[in-house]
Every structure is written in C-alpha cells, then in structure tokens.
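Student: Take a look at the letters that make up each chain.
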Amino acid sequence: MLDFPKEWDFGWEVIKFIDGVVEWVVINWDPFFSAINSGVLHILLPFERFLLLIPWWVFIILIGFIAWRAAGWKFGIIAVSFLIAMSFLGLYDLTMSTLAIVLTASLICVILGLPLGIAAARNNRFDELLRPVLDGMQTLPSFVYLIPALMLFGLGKTPAVMATTIYAIPPIIRLTNLGIRQADAAVVEAGRAFGATASQLLRKIQIPLAMPTILAGLNQTIMMALAMVVIASMIGAKTLGTEVLNGIARLEVGRGFTGGISIVFTAIILDRISQGFAKKERRVMTR
Amino acid sequence: MSDKSHKIRCQEVWKIFGPNPESVFDLIENGASKQELMEKTGHVIAIRDVSFEVQENEVFVVMGLSGSGKSTLARCINRLMEPTRGSIYIDDTDIAKMNDQELRELRRHKLSMVFQNFGLLPHRSVFDNVAFGLEVRGEKKEARYKKSQEAIELVGLKGWERSRINELSGGMQQRVGFARALAVGPEILLMDEPFSALDPLIRRQMQEEFINLRQQLKKTVIFITHDLLEALTLGDRVAIMRDGEIVQLGTPVEIVNNPSDDYVREFVKDVPRGKVLPVRDIMEEPLVVITEEQPVAAAIGEMEKKEVDFAFVVDSTGIFKGALTKEHAIDTKDNGSVKAGEIVERECPTALPNATLEHCLQLVAECNIPVAVLDEAQRLQGMVTRTAIIQATGGNGAQNGSNGKR
Numbered sequence: 055m056l057d058f059p060k061e062w063d064f065g066w067e068v069i070k071f072i073d074g075v076v077e078w079v080v081i082n083w084d085p086f087f088s089a090i091n092s093g094v095l096h097i098l099l100p101f102e103r104f105l106l107l108i109p110w111w112v113f114i115i116l117i118g119f120i121a122w123r124a125a126g127w128k129f130g131i132i133a134v135s136f137l138i139a140m141s142f143l144g145l146y147d148l149t150m151s152t153l154a155i156v157l158t159a160s161l162i163c164v165i166l167g168l169p170l171g172i173a174a175a176r177n178n179r180f181d182e183l184l185r186p187v188l189d190g191m192q193t194l195p196s197f198v199y200l201i202p203a204l205m206l207f208g209l210g211k212t213p214a215v216m217a218t219t220i221y222a223i224p225p226i227i228r229l230t231n232l233g234i235r236q237a238d239a240a241v242v243e244a245g246r247a248f249g250a251t252a253s254q255l256l257r258k259i260q261i262p263l264a265m266p267t268i269l270a271g272l273n274q275t276i277m278m279a280l281a282m283v284v285i286a287s288m289i290g291a292k293t294l295g296t297e298v299l300n301g302i303a304r305l306e307v308g309r310g311f312t313g314g315i316s317i318v319f320t321a322i323i324l325d326r327i328s329q330g331f332a333k334k335e336r337r338v339m340t341r
Numbered sequence: 158m159s160d161k162s163h164k165i166r167c168q169e170v171w172k173i174f175g176p177n178p179e180s181v182f183d184l185i186e187n188g189a190s191k192q193e194l195m196e197k198t199g200h201v202i203a204i205r206d207v208s209f210e211v212q213e214n215e216v217f218v219v220m221g222l223s224g225s226g227k228s229t230l231a232r233c234i235n236r237l238m239e240p241t242r243g244s245i246y247i248d249d250t251d252i253a254k255m256n257d258q259e260l261r262e263l264r265r266h267k268l269s270m271v272f273q274n275f276g277l278l279p280h281r282s283v284f285d286n287v288a289f290g291l292e293v294r295g296e297k298k299e300a301r302y303k304k305s306q307e308a309i310e311l312v313g314l315k316g317w318e319r320s321r322i323n324e325l326s327g328g329m330q331q332r333v334g335f336a337r338a339l340a341v342g343p344e345i346l347l348m349d350e351p352f353s354a355l356d357p358l359i360r361r362q363m364q365e366e367f368i369n370l371r372q373q374l375k376k377t378v379i380f381i382t383h384d385l386l387e388a389l390t391l392g393d394r395v396a397i398m399r400d401g402e403i404v405q406l407g408t409p410v411e412i413v414n415n416p417s418d419d420y421v422r423e424f425v426k427d428v429p430r431g432k433v434l435p436v437r438d439i440m441e442e443p444l445v446v447i448t449e450e451q452p453v454a455a456a457i458g459e460m461e462k463k464e465v466d467f468a469f470v471v472d473s474t475g476i477f478k479g480a481l482t483k484e485h486a487i488d489t490k491d492n493g494s495v496k497a498g499e500i501v502e503r504e505c506p507t508a509l510p511n512a513t514l515e516h517c518l519q520l521v522a523e524c525n526i527p528v529a530v531l532d533e534a535q536r537l538q539g540m541v542t543r544t545a546i547i548q549a550t551g552g553n554g555a556q557n558g559s560n561g562k563r
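Going down the list, the sequences are from chains V and W. For the first sequence, this note's numbering begins at 55 and goes up steadily by one. For the second sequence, this note's numbering begins at 158 and goes up steadily by one.
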C-alpha cells in the first residue's frame, strides 16, 4: 500500500511511444530534415570558412573596432587582449567554429523569432498559445533536445545549430512581443490618425520604438546560444565545448580550464558588444 | 439636405464604452443614471446624444473637464474611436459608414490631428516627423521635401530640421506636431488639448501664434481644451461639455453674457471678461468724423455742435488718418486756410474689431481720446470709450486694466 501501484506505471509505454514517433518521423520525414540540414549548412559552412579564411590579426582588429564602437575604447582593448590570449592558448580555430555556430543559430533565431514575436504582439490568442511553448523550451533541460536532434540530423553541426536555435529563440520572441506591445500608445495613435496602414504602423512606428527591447532580446538569445553550443559539443560539433568535454573525459584539468576560460572570454565579448548596441539605441530614444 | 458651408456635422452621436454598448440603450431610454448603468452593466457613457455643426473655416472649441467626453468626441470625428450610434458628416459624407480604405484616405488628405502629448516619433528627426503624413500617403521625395519645409517654416522651426525630437523643449515639440499636421494640407485640423502639456508662458505664446496662423491658413479647426479662457479666446464658437453632453453652445460673448445654467455660470464667473469680449461688441458710432480736406475751423464747429473735444479724420475713401483734439485744433487755427489733414494726430490708439477689451483699455489709459476701431483695410468702423470698456468688463476686468496703468 505504501508504493505507487506497479500496474499504474505507464512510463515505459510512454517512452516506447515517443521512440516510435521519432523513429517514424526519422523514416518518413527524411526529405524534410535533409532539406533543413542542407539549408543550415548553406549558412553555417560559408560563415565558418570565412571566419577561418581571414587572417587572425584582421579578425582581432575587426572585433576590437566593433567592441570600441559598441562599448567604448576600454572594452575594445579588453576584447583584443581576450582574443590574443585565446590564440596563445591555441584555441583560435575552435573559437571561430564556436562563433560560426552561435551566430548562425542567432541569425536563424532572428529570422524566425521576429515574425513570431510580431504575430504574438498583434494576436492575443496566438500569444496565449505561444507562451507555454516558450516556457517549455526554456525550462526543459537542454540535453533533452540533443537526442532527437541527433536522430533527425545525425552527428555534426546541423543538430547542434538546431538544438541551439530551439533553446535560444524564446528571448527574442518574448522581447519582440513585449517591445511592440509597450510601444507608446500615443505615438501609435498619431500614426493611425495620419492614415498609416497596419504594416506602415509596424514598420515606421512599432518596430522602431520596440528596437531597444528587441536588441535586449537579441543579446539574451546570443548568450543562450553560446551556452547551448558548449553542450552541443556532446553531439559532435567541434567547438570550445569539445575541449571542456575532453578535459572531463580524460581528467585533464588544464584542458578543461583553458577551454572554459575561452568560453567565458567569448561570452563577455559577445555580451558587451550586443548590449552596447542595445544601450545605444535606448539612449537615442529617451535622452 | 444640408447647407454647403457646414464642414462637419455631428448628428445624435453616442459613444458608450463597455462589453456590449448596443444592449444598454433600452436602460438609458428608461432613465437609468450613469451610476446605475455602471454598476448594473459595466458600461460608461462617454458621449450622450451630441449634435452640432461646424462651419467652414470656423474654430470650434469643445471645452470640458476631464471625463466630460471631449477627447472621445474628437476621436470619433476621425474615427480613432468608433461612435456607437449617430452620424458624422464631413462635407456631406457620413464617415461612420466609411470602410477602412476610405477612412485612410480621409485621414491622409482631409483631416489631421495634433495631440496633447505630441505623439512624435523619437527615433526620427524634426524633418522626418513633419514629413510622416506625406510619407505614409506615398508622396514623392521632392514633393515631400517642399511641403514639409513649408510647414516647418510656417511654425517657426527653420534651422531645426535635423534636430532630434528629444533635444527640443515641449513648446518646440508641439510646433513639430503642428507642422506635421499642416504638412499634409488638411482642410480640417483636430487639436486635442494641444497646449495643455506646456507651461503657462509657452502656452500663452503658442495661443497667440495659433491665432495668427489661423488667419493666414483658413482651416476648419476643432479644438479641444479644458481651459475655459483658452476656449473663449481662441474659439469662434464654444461647446461646453459635461458628462458627455453639450450643456451650452455659443459664441464666447454669448457664453460669458448668458450662461445657460449654473454649471456654466460657475465656470464663467472667474473669467476675466476683458480678456474675452471683443471690442466689436461694445463699439459705438464715432461722434465726429471729418475728412482731411475740411478746414480746421469746420472741424472745431462740428466738435462744438456735438459737445465733444475730439474728432476722427478720414480721407475721401473712408481710410482712417488719425484723430484731432479740439485743444490742438484751436491752437493752430490762425488764418483759416489750414486743413484738418495737415494737423491730424497720427499716433492715436486704434484697434481691430476682434481685439479684446483688455487690450483697448490699455490703449485708452495712455491718452484721453477713445480708441478708433478699424477694419483690416484701415476703414473706420466705430469707437470705444474708456467708460464703455469699464462698464462692459464689470468688476474684475476693469480693475486689472486700471491698476496696470495708474
């Protein structure tokens, strides 16, 4: 009487069922996933090739310049020294691969997330439907995405990008939604009073007014993408996370540490740059 | 059916807020009060059976305290809010029946709006804000530039085109709002408490500029305000609203002189009448008018006959030339050949018929002859004496004037 009755335990059936569904999808939807696979690779590979092709010093100067524009000259110097330190640790190439996946996933997040956020802002019912889905995407342990992604796309970079996209897309959807909903009602009303159509209102008023909030969402999306990429190294994407993973597997504390510190450096650079642009936009609006 | 000069005609307009506005009309007809309606059904009557007409080029002011429905009324006229019942005609077209496309065209061309909180786009420059309405209706770049530039110059913002909105003061921001509304070349301007958010000095200045501009521009204006003095100074006619109804509609003079009920009377009580009433209302026939060709002797004769000590001098076409005091005429009457035109005092007080009494009182305080009232072509229309002004302004207005000058 103390234990939950064994005959009520359907855990195994549910597991079997989900396995069945995924297996069915893998077999029958293969063309679909192949298409996604090649689509993702078409963005990712040129990107990665480009990052690895440009001379290392050009890249470092370029990042230094962007960091200076976004967050001031002090941070420009910090960003450059971080990148040089990572190069000395022999992790320059892995950093480029990491960046390629993070930025590709972030780009896909923007392409999908902006329209979804706008739709949610304009349609309360859609917003209500979307909300629990986003909650789920953010709270499910990120490892859970890895298995189906692995099954659908096989080992490699595409499942990493897809898992990263799913994990990192909620903030940009949420904050686009929020930004548009919070756009100053008086300004939107003025737009209507001058005969703007719904799409003119969106393009000329709501999105520009929401821009600081949308950029804050982009910042969060990028940070979450980086966090996920590290985990995605478990399914074969070679990134800085691979170093950490190898460090754990082989009990090499040093390797784990250098990999880890490089991830932190990358995170700081991405965060400050994207936050810098968001802050700049906000200053323009409210000074 | 309607007179051509009616630019806007509101007919039995109702606006009720709540889950199902149509359902509560039965209750209202049975005499349910505002409170009852709110408690029983959760509906609020914002506008209750309002009808009025606005003439072409008239400034029609809707005045009321907050919650009187005045802003809602303005928004019904361009359908930013949908009237629950009733018709609103603009040039004989019922806008309540327009579809979205027609409504957009109306807003883009015929009717523009100025807002209390400006409603400007913070991410755009002054110029791009002013050009917004033109951009929305798809005008070519050159036309956009020309029209926006004209509007910017009209409101005195030349040189500020490239500034950002948040670099400007409140008064300047509202100029941008005004220029944006004018740039589309509308026939009708809806102004929703345009000066309420400004501090008093700037508000005063903007009111004066508005008066000047409207004479140049010839637009039909619906002006919303909670400030009675503003309503009376700016409006050709004023509608006073309370609880969604118009309690009185009339010219400023009618409202000041004959408040329709205690509510209006209470408002009007504190209005300095001298600031509101135009001199046109109390001017008299000038007693002695002589032409500049008449000899001075004749002028003196006229003045003696009428027992006054001044005369107004006009030329043969009736254009005002100046005043002549009896004293001055007697002093210079030497040989009888001097004409009135030669010794006329050109620096004498004159006013337009719509100048306020207060303004005239300041003029008469400076010299001892009445103010000559002239039309825009400088023709003599009448005169006002100090006594007449003091009597007309009654208590408070007269005090203001005389204190200022003694």
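Where hints are given, some of them may not hold.
Said to hold, decoys possible - Below 25 Å or equal to it, Euclidean Cα-Cα: the simulated BS3-like pairs (lysine-lysine) are:
hint	chain 1	residue 1	chain 2	residue 2
1	W	K483	W	K496
2	V	K258	W	K298
3	W	K426	W	K462
4	W	K376	W	K426
5	V	K258	W	K483
6	V	K258	W	K304
7	V	K128	V	K60
8	W	K267	W	K297
9	V	K334	V	K258
10	W	K483	W	K463
11	V	K258	W	K297
12	W	K315	W	K297
13	W	K298	W	K315
14	V	K258	W	K303
15	W	K375	W	K267
It is worth saying that the hints were derived from the structure and are not from the lab.
Student: Now look at each hint and say whether the structure bears it out.
Tutor: Verification of the supplied hints:
1. K483/W to K496/W: At roughly 14 Å apart (the allowed maximum being 25 Å), K496/W and K483/W satisfy the hint.
2. K258/V to K298/W: Measuring from Cα to Cα gives roughly 17 Å; hence the hint holds.
3. K426/W to K462/W: violated, 42 Å
4. K376/W to K426/W: violated, 31 Å
5. K258/V to K483/W: violated, 70 Å
6. K258/V to K304/W: holds, 20 Å
7. K128/V to K60/V: Not satisfied, since the Cα-Cα distance of roughly 64 Å exceeds 25 Å.
8. K267/W to K297/W: Within the cut-off at roughly 19 Å; holds.
9. K334/V to K258/V: The hint holds at about 19 Å.
10. K483/W to K463/W: holds, 12 Å
11. K258/V to K297/W: Between K258/V and K297/W the Cα gap is close to 17 Å, so the pair holds against 25 Å.
12. K315/W to K297/W: Given that 25 Å is the threshold and the Cα spacing comes to 22 Å, the pair holds.
13. K298/W to K315/W: With Cα atoms ~19 Å apart, K298/W and K315/W stay inside 25 Å; holds.
14. K258/V to K303/W: With Cα atoms ~21 Å apart, K258/V and K303/W stay inside 25 Å; holds.
15. K375/W to K267/W: holds, 14 Å
The structure shown violates the earlier hints numbered 3, 4, 5, 7.
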